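Visitor: Heads up: the sequence lines are chains F and W, in that order.
Under this note's numbering, the first residue of the first sequence carries the number 253, and numbering increases by one thereafter.
Under this note's numbering, the first residue of the second sequence carries the number 17, and numbering increases by one thereafter.
No false leads were slipped in.
Ranges of calculated distance between the beta carbons of each label pair, as one might list FRET restraints: (1) F:K489 to W:L90: 42 to 48 angstroms; (2) F:E466 to W:I52: 39 to 45 angstroms; (3) F:D296 to W:V214: 17 to 23 angstroms; (4) F:A490 to W:A48: 50 to 56 angstroms; (5) F:Q455 to W:L102: 37 to 43 angstroms; (6) W:V19 to F:E447: 22 to 28 angstroms; (7) F:E466 to W:S224: 51 to 57 angstroms; (8) W:N171 to F:D277: 41 to 47 angstroms; (9) W:T109 to F:P278: 16 to 22 angstroms; (10) F:A352 to W:L90: 18 to 24 angstroms; (11) W:D23 to F:A396: 38 to 44 angstroms; (12) F:A490 to W:S224: 50 to 56 angstroms; (13) F:G383 to W:Y228: 52 to 58 angstroms; (14) W:Q97 to F:D499: 37 to 43 angstroms.
In the DSS-like style, the derived pairs of lysine-lysine whose C-alpha atoms are separated by at most 30 angstroms in a straight line are: (15) W:K178 to F:K299; (16) F:K442 to F:K494; (17) F:K477 to F:K489; (18) F:K410 to W:K178; (19) F:K280 to W:K178.
Chain F residues, not near chain W, derived (Cβ > 10 angstroms throughout): (20) D304; (21) G314; (22) D348; (23) A357; (24) K384; (25) L401; (26) K410; (27) G450; (28) T457; (29) E470; (30) N476; (31) A490; (32) K494; (33) T498.
Derived by calculation from the structure, the hints in this document are not laboratory data.
These numbers come from a predicted model, not from an experiment.
Just so you know, even glycine gets a beta-carbon here, dropped at the ideal spot from N, CA and C.
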Amino acid sequence: MKTLLINTLLMISLVVSAPLLAQEDPLKVGMSGQYFPFTFVEQDTLKGFDVDIMKAIGEEMGREIQFETANFSGLMGMLESGRIDTVANQITITEDRQKAYIFSAPYVYDGAQVVTKKGNTEVENVEDLKGKTVAVNLGSNFEALLRELPYADQIDIKTYESNLERDTALGRVDAFVMDRVSASQIIKEKPLPLELAGPTFSQITNAYPFRDTEAGRELRDEVNKALASLRDKGELKAISKKWFGTDITRP
Amino acid sequence: MDVLNVDYMVGLIPVLLGYLPLTLQLAGTGMALALILACLFAVVRVLGIPVLNQLTIVFISFFRGTPLLVQLFLFYYGLPQLASGLTVIDGVTATIMGLTMHFSAYMAESIRAAIVGVDRSQTEAALSIGMTNGQMMRRIVLPQATRVALPTLMNYFIDMIKATSLAFTLGVTELMGATQKEAAGSFLYFEAFIVAAVIYWIVVEMLSKLQYYLEIRLNKAYSR
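Bound-form chain F, shown alone (with noise of 0.2 angstroms):
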């Protein structure tokens, strides 16, 4: 009776864990496909500048990239719970996200911008948002960066599964943050009334987060010798100019 216990037990274990075995290829990208321009679907298309990158990469690696898409709260879960192996979305290296994971090298360097509804003379930089409603993406570093504030506790922060830019334009909320390539390709391709309000307010360094274990670093090292190399043959800067006309990948 106990064995056969045991070698049931064993017999499930092997069956639960052959996938895990087996899973050499493809490498498994979380993305949210709601962040425009850097992951978006068109007509049911996954494009955008995180998703060409992350192609280039995969090909320079010899892996086939399987993208999955989800809510961008659900991203790290996903990474966590050992789904995906990476998430490319515009992930910003935190104090906090180094805690729990390794990053790889940088490959956007950008900055967090304050947004309004177009013609909102009341907000014109971040020192304005105090006393206002603000809106961040859910589980984005942007939260973090207003709570760092100095007078933090004046603004009424506001978290966002999506939509943030449309709640903004309706009025709804008095700005959003967000970095500020993303913001300047939504209010010149978008019809939505927005503008930027003052510079940027905080450097942000992007990179993929892996988890922190012996295959995770092994990972990490691979997609940092595919950055360089991708680097080197200037097809960073050729994605970057192709979705946002300048060069994000360098500081």
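Given chain F, work out where chain W should sit, using these hints.
Guide: Relative to chain F, chain W alone:
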């Protein structure tokens, strides 16, 4: 700027319809499994089978007492923490597990009520003419209970179809997930969500028609 970008909406219809089969698969599988589970629970409860009865009560209490989204997160993000091999539970499986358990808890209660609701005199009459318990259930009680339970079960199915919209949080791009992504890419939220709403509405309307038809058929023997 026009009020509604109709061209965009028309273009979106085939895209979103492409995700309808997955939505229906999630709800359909969830419903079939939930029905089986709910019937078992109801029988256990009606017959008062010891131990199983108590377990069922706890199960129903938990799955009725916690939000579906919490249950989905438990299955999807929680279980792999117990054993890393449990990542084999992918988003689709976790969604179906959640829908099945959540809705079976509700459905068990309405099936139990429908069985208990069949008048005692009927079961006594059936037994007095020499029917076995099984025959009584099959020929007398269940046909009447089915008729009573049908509208509420259909309600749960409709609810389940709409509940699949939570699956995108687990990385399953179903109808609602696809809509969210298209809306976020185009910034045409109103247009995208109208198209999604109409698709859900039409599906549910077709189910209502089916329910009406089934009700007439089941009621035939009892109408006078």
